[in-house]
Amino acid sequence: MILGYRVVTSPERMGRGFAAYVMVGLSSHTKAAQERFERAMTVAPEVVECHNIAGAFEYLLRVESADLSEYKHFHTEVLGTQSHVNAITSCIVMAPQGRTRHMTQTGRRAQSRIQRCCRCSLHSRPRAGRTPPSGGDEPSPGHVGPDRPRPA
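Its first residue numbered 14, the sequence shown is counted upward by one per residue in this note's numbering.
Mixed in with the good hints, there may be bad ones.
To be verified - Using C-beta positions, here's what the derived DEER-type ranges look like: (1) Arg49 - Tyr18: 27 to 35 Å; (2) Val21 - Ser96: 32 to 40 Å; (3) Leu16 - Ser41: 28 to 36 Å; (4) Asn65 - Thr22: 21 to 29 Å; (5) Arg75 - Gly17: 14 to 22 Å; (6) Leu16 - Lys85: 34 to 42 Å; (7) Val20 - Gln110: 17 to 25 Å; (8) Asn99 - Met14: 35 to 43 Å.
Calculated from the structure, these hints are not laboratory results. Just so it is clear, CB atoms sit at the ideal spot from N, CA and C, and this is done for glycine as well.
Work the whole structure out from these sequences, hints included.
Below you can see the structure in the form of structure tokens.
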């Protein structure tokens with residue numbers, strides 16, 4: 014089921030070339046503390062994703078900023094001012110390996126319904142009688158692979 018569409022932009026061109034995954038631990042696990050933290054992350058423009066997780070930390074954030082200096086400001090002035098934050102661990106992204114992936118159906122039922130493109134396993138073919146948007150056995154225009162290098 015499609016829930017929406019999105020635009021994929023270049024973080025570098027948008028002034029967001031620095032990325033970090035940040036694990037945040039809270040000293041209080043009350044509903045009020047979690048809601049307060051989530052509200053603060055919702056209004057912070059640097060926070061691209063905020064996930065409530067299980068394990069040693071309560072939250073996993075994806076933070077994007079212009080550079081390390083701007084990230085330090087976020088770390089100090091946003092995370093550092095939250096009263097229930099008691100642990101912050103940052104993992105700096107050194108080289109992103111890919112931002113998007115092709116979503117396909119999985120499982121035995123799906124395998125019987127989806128025929129793969131003759132050149133790659135990323136694109137599905139339409140069922141018999143339908144015209145493929147990319148013009149047949151060719152991968153779609155956005156395909157990147159050994160036969161079509163990544164644009165510069």
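Going through the hints against the structure:
A hinted range of 27 to 35 Å holds for the C-beta pair Arg49 and Tyr18, which are about 32 Å apart. The hint said 32 to 40 Å for the Cβ distance between Val21 and Ser96, and at roughly 36 Å that hint holds. At roughly 33 Å, the beta-carbon separation of Leu16 and Ser41 lies within the given 28 to 36 Å, and the hint holds. Take Asn65 and Thr22: their Cβ atoms lie about 26 Å apart, and the range 21 to 29 Å holds.
The beta-carbon spacing between Arg75 and Gly17, approximately 18 Å, falls within the hinted interval of 14 to 22 Å. Judged by the Cβ atoms, the range 34 to 42 Å given for Leu16 and Lys85 holds: they are separated by roughly 35 Å. The hinted range of 17 to 25 Å is satisfied by Val20 and Gln110, whose Cβ atoms lie roughly 21 Å apart. Checked against the hint of 35 to 43 Å, the pair Asn99 and Met14 passes, with Cβ atoms roughly 39 Å apart.
Violated hints for the displayed structure: none, as all numbered hints are satisfied.
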